[in-house]
Each structure stands twice: as C-alpha cells, then as structure tokens.
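S.K.: Okay, here's what each chain looks like letter by letter:
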Amino acid sequence: MKFLFVFVLIWFVVKLMWLKNIQNKPLYIAFCVTTVFLGIINLLFEPSLADFLKRWM
Amino acid sequence: MQKISMRQALMLVVGMVFSPAVRMFSAFVSGRGDQSSWIAPVFAGAFMVLFIFVLWELIKKNRNFYQHLEYSFGTRISVGIGILYVVWGILLTSVQMRYYAQRVASTIYTEIGMDIFIIILVGICIYALKNGINVIARMNELLLPTIIFVTVILLAFLSPDIETKVLVPIYDWTSLTHVAVFNLGSFGYLTFVLFFVDEINDRERFRKQAIWGTVAVTLFTVWLFVTVIGTLGPHIIEKLPYPFFAVVKQISLGEFLQHIEAFVITLWILSDFVLISFISAATLKLLGGITKTQNTRELLLPYFILCATLVPMMGRTNYELEFLSEKVFIPLNLIFLFIIPFVVFVFGYFKDKRKLRRSV
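So the sequence lines, in the order shown, correspond to chains A and B. Those letters in the first sequence? Residues 1 to 57, by this note's numbering. Those letters in the second sequence? Residues 1 to 360, by this note's numbering.
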C-alpha cells in the first residue's frame with residue numbers, strides 16, 4: 001500500500017499542475033486532499049473501521 | 001452519449017448479484033442462519049417484485065435518481081441526501097474491493113498481499129469506465145452468460161450430494177427473516193438502474209424484464225443455498241469463511257476433472273468487476289448531479305484511488321469484515337436502496353397531486 005500511496009502523491013502533484021484541463025477543480029482537489037489525508041492516517045495508525053464500530057455498537 | 005438498453009442494464013444487476021449471493025452465507029457466521037435459510041431468498045424475491053412497482057413509478061417519469069431527489073425534496077435537502085449517497089457509495093465500493101482482494105489472497109494466492117489485486121482491479125475499472133457505462137454493459141453481455149453457464153454446471157455436479165433431510169424442518173422464522181434481509185441487501189442493487197434512467201433507451205420494458213430478472217436471481221439463489229446447506233449442513237457453514245468454495249472443492253470426476261474451484265475464483269473476479277464498476281459509475285453519476293458536472297470521467301482516478309486507500313481501513317480479519325457487512329452495510333443498503341427511494345416516491349406522488357389540484 002505504501003507503493004500505491006507514493007504513486008498517488010506523485011500523480012496528484014503532476015495532475016494538479018495541469019488543473020486547467022479539469023472541469024470541476026474544487027471537487028478534484030477535495031478528492032485529492034481526502035485521499036492523501038486518509039492515506040497518511042492509514043500508514044501511521046493502520047485503523048480498522050470494523051474494530052472502531054464494534055466498540056461503539 | 002451512447003445509451004444502453006434496459007436488458008443490458010438488468011443484465012448488469014443480475015451479474016452484480018452473483019458475488020454477494022455466494023458471500024450470503026456470512027449470515028451464518030453470526031450463528032443466526034440455519035437449515036431453513038434456503039427458502040429465505042423466496043421471501044426476499046417476493047418483496048423485491050413488489051418494490052419493482054415502486055421503482056417503475058419512478059422510472060416512467062424519465063428523471064434520474066438525483067432529479068427525483070431534487071423534485072421531491074428541493075435543492076438543499078437533495079444535496080444533503082446526495083452527499084450521504086456518495087459517502088455510502090465510496091464505502092460500498094471499498095468494502096467490495098476488500099472482499100474481492102481478500103478472497104483472491106486467501107484462496108489461491110496465499111503468499112501474495114492484497115495490494116497488487118486492488119491495483120489491478122482499479123486499473124481495469126478505470127479503463128473500462130472511461131468510455132461510460134455502455135462499455136461495462138456490453139462486456140457484461142459476454143460475462144453474464146459465462147457466469148451463469150459455469151455456475152449452473154457446478155451446481156448440477158453438486159446436486160446429487162444434497163441431503164434433503166438436512167434442509168428440513170422449516171420452523172425458525174427469526175433465521176428466515178435474518179437471511180432474507182441479507183438477500184434483500186444484494187437484490188436491492190436493482191435500484192441502481194434508477195440512477196441511469198437518462199442513459200437507458202427502452203424504459204417501458206423495465207417492469208416486465210425486472211420481474212423476470214428477479215425471479216431468475218431468486219431461483220438461482222435458492223438453488224445455491226439448497227446445494228451448499230444440503231451438502232455441508234448449516235453447522236459446518238458457520239465455521240467456513242467461503243462455504244461455496246469449500247463445496248466446489250469436493251467436485252472431482254476421477255482423475256479427469258479436479259480442482260474445479262479455480263472456475264469459482266474466475267467467476268468471483270468477473271462478478272466483482274461488474275459489481276464494483278457499476279456501483280462506482282452510479283456514485284459518480286450522482287456526484288455529477290450534485291455538482292452539476294456533465295462529464296465525471298476526470299474523477300474516475302481520484303475516486304478509485306480514494307476507494308483503494310480506504311480498503312485496508314475496512315477491517316483486519318475476515319470476521320471483522322463479516323461484522324461490518326452484517327451490522328453496517330446490509331442496514332445501509334436497505335436504507336439507501338429501499339427506504340429512501342420509497343420516501344422519494346411518496347413525496348413525489350403528493351407533489352404531483354398538489355400540482356394537479358392547483359392546475360384544475
């Protein structure tokens with residue numbers, strides 16, 4: 001997953017440089033920011049949604 | 001935009017149901033499924049046939065689902081509900097990706113991590129969806145007959161081993177309801193057709209073809225349940241992560257035909273591809289409606305990468321995933337695929353009546 005994350009980061013940076021070709025820039029940036037944010041959380045904490053919900057339910 | 005036919009749209013839904021139908025035995029993991037569960041798909045199918053009439057009332061108005069939301073609830077509320085649908089769609093795509101990767105990694109490629117399978121699937125889905133839903137629909141015209149043909153042959157091989165005494169008595173209504181609800185969670189994917197109404201040509205055929213499709217899926221699911229429960233028994237199923245796979249492993253015709261389970265993996269992958277592509281296309285279609293973006297093709301990559309990032313977060317073990325499916329995704333599927341469309345229909349109906357009264 002680390003490999004994928006690094007690839008995604010590079011892809012997003014490259015794609016953002018050509019943002020003028022994108023029809024809906026805010027949405028695209030929102031997707032990128034969310035993905036990077038979740039990717040960092042994933043790498044640092046390795047969370048589990050099922051485990052989290054199990055504690056609350 | 002190249003449109004698809006109603007037959008192609010419904011074939012996509014039938015193709016999508018195969019993978020969850022095989023996984024449906026997760027209802028047994030909680031210990032709430034028993035020998036009577038094989039009849040549960042009949043109840044789910046009957047309910048689905050009734051729901052088709054509600055869907056038909058929405059489909060014949062020539063509005064896609066987001067346009068229905070806007071019509072019934074106004075712009076602000078429809079944006080709110082639309083965002084909830086998008087979040088659910090992203091999570092559903094991620095959990096289906098996880099199921100696909102986990103199945104492949106734990107059955108045949110036990111030495112390899114899941115990441116590589118996810119990357120391959122993401123790549124294929126993006127490539128296929130780049131030219132719209134019609135590419136998936138046409139691919140599915142080839143995939144679905146293959147899925148049905150191979151499954152029917154596998155079930156026919158297994159049918160002589162069915163012990164009918166394992167399938168009776170049918171008395172536990174709690175178990176029946178529990179498994180029927182699980183079935184509805186996947187039968188309800190029919191509602192996704194509503195998302196693409198403006199991309200479908202012959203909408204007037206929906207009611208008839210959808211009823212036939214539901215009957216076929218129900219019979220297929222009953223046969224699948226009868227075969228697996230009748231061969232292994234309900235108590236063994238509780239302890240197996242992939243009961244259908246375990247049953248198919250038993251098939252052998254002397255030394256001539258062995259390890260037939262490889263076919264099942266192929267079918268899973270094909271069905272998962274259809275399922276994940278169709279859910280993603282529906283979610284992006286709705287997202288396009290919310291943001292008034294005509295062409296959501298540019299969002300394919302960020303969407304799938306976001307889903308791929310979420311895949312490891314879903315759960316650590318197979319049992320955690322089953323918990324997620326039973327306690328979270330089945331109830332969410334029922335809310336988003338049945339309850340909200342029904343509320344939309346009721347609100348739209350009264351709005352139509354009020355408009356008619358005003359015009360008179």
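It is worth saying that the hints were derived from the structure and are not from the lab. There could be a bad hint or two in this list.
What the hints assert, rightly or not - For each label pair, taking beta carbons as the anchor points, the in silico distance ranges come out as: (1) 77(B) / 10(A): 15 to 23 Å; (2) 204(B) / 55(A): 33 to 41 Å; (3) 84(B) / 29(A): 48 to 56 Å; (4) 51(A) / 357(B): 37 to 45 Å; (5) 23(A) / 208(B): 35 to 43 Å; (6) 112(B) / 51(A): 20 to 28 Å; (7) 29(A) / 327(B): 29 to 37 Å.
As the list claims (entries may be wrong) - Mimicking DSBU-like on lysine-lysine, the simulated pairs with C-alpha atoms at most 30 Å apart in a straight line are: (8) 61(B) / 3(B); (9) 54(A) / 292(B); (10) 208(B) / 351(B); (11) 3(B) / 25(A); (12) 239(B) / 249(B); (13) 25(A) / 292(B); (14) 54(A) / 327(B); (15) 25(A) / 208(B); (16) 25(A) / 249(B); (17) 60(B) / 353(B); (18) 249(B) / 61(B); (19) 285(B) / 355(B); (20) 3(B) / 130(B); (21) 60(B) / 351(B); (22) 165(B) / 239(B); (23) 351(B) / 61(B); (24) 165(B) / 285(B).
The beta carbon of each residue, even a glycine, is placed where N, CA and C say it ideally should be.
S.K.: For every hint, state whether the structure bears it out.
M.R.: Verification of the hints:
no.: 1; hint: 77(B) / 10(A): 15 to 23 Å; in the structure: 40 Å, violated
no.: 2; hint: 204(B) / 55(A): 33 to 41 Å; in the structure: 50 Å, violated
no.: 3; hint: 84(B) / 29(A): 48 to 56 Å; in the structure: 21 Å, violated
no.: 4; hint: 51(A) / 357(B): 37 to 45 Å; in the structure: 54 Å, violated
no.: 5; hint: 23(A) / 208(B): 35 to 43 Å; in the structure: 38 Å, holds
no.: 6; hint: 112(B) / 51(A): 20 to 28 Å; in the structure: 24 Å, holds
no.: 7; hint: 29(A) / 327(B): 29 to 37 Å; in the structure: 34 Å, holds
no.: 8; hint: 61(B) / 3(B); in the structure: 17 Å, holds
no.: 9; hint: 54(A) / 292(B); in the structure: 37 Å, violated
no.: 10; hint: 208(B) / 351(B); in the structure: 27 Å, holds
no.: 11; hint: 3(B) / 25(A); in the structure: 27 Å, holds
no.: 12; hint: 239(B) / 249(B); in the structure: 16 Å, holds
no.: 13; hint: 25(A) / 292(B); in the structure: 13 Å, holds
no.: 14; hint: 54(A) / 327(B); in the structure: 9 Å, holds
no.: 15; hint: 25(A) / 208(B); in the structure: 42 Å, violated
no.: 16; hint: 25(A) / 249(B); in the structure: 50 Å, violated
no.: 17; hint: 60(B) / 353(B); in the structure: 16 Å, holds
no.: 18; hint: 249(B) / 61(B); in the structure: 48 Å, violated
no.: 19; hint: 285(B) / 355(B); in the structure: 29 Å, holds
no.: 20; hint: 3(B) / 130(B); in the structure: 15 Å, holds
no.: 21; hint: 60(B) / 351(B); in the structure: 16 Å, holds
no.: 22; hint: 165(B) / 239(B); in the structure: 21 Å, holds
no.: 23; hint: 351(B) / 61(B); in the structure: 13 Å, holds
no.: 24; hint: 165(B) / 285(B); in the structure: 48 Å, violated
Violated hints, in rising order: 1, 2, 3, 4, 9, 15, 16, 18 and 24; the structure is consistent with all others.
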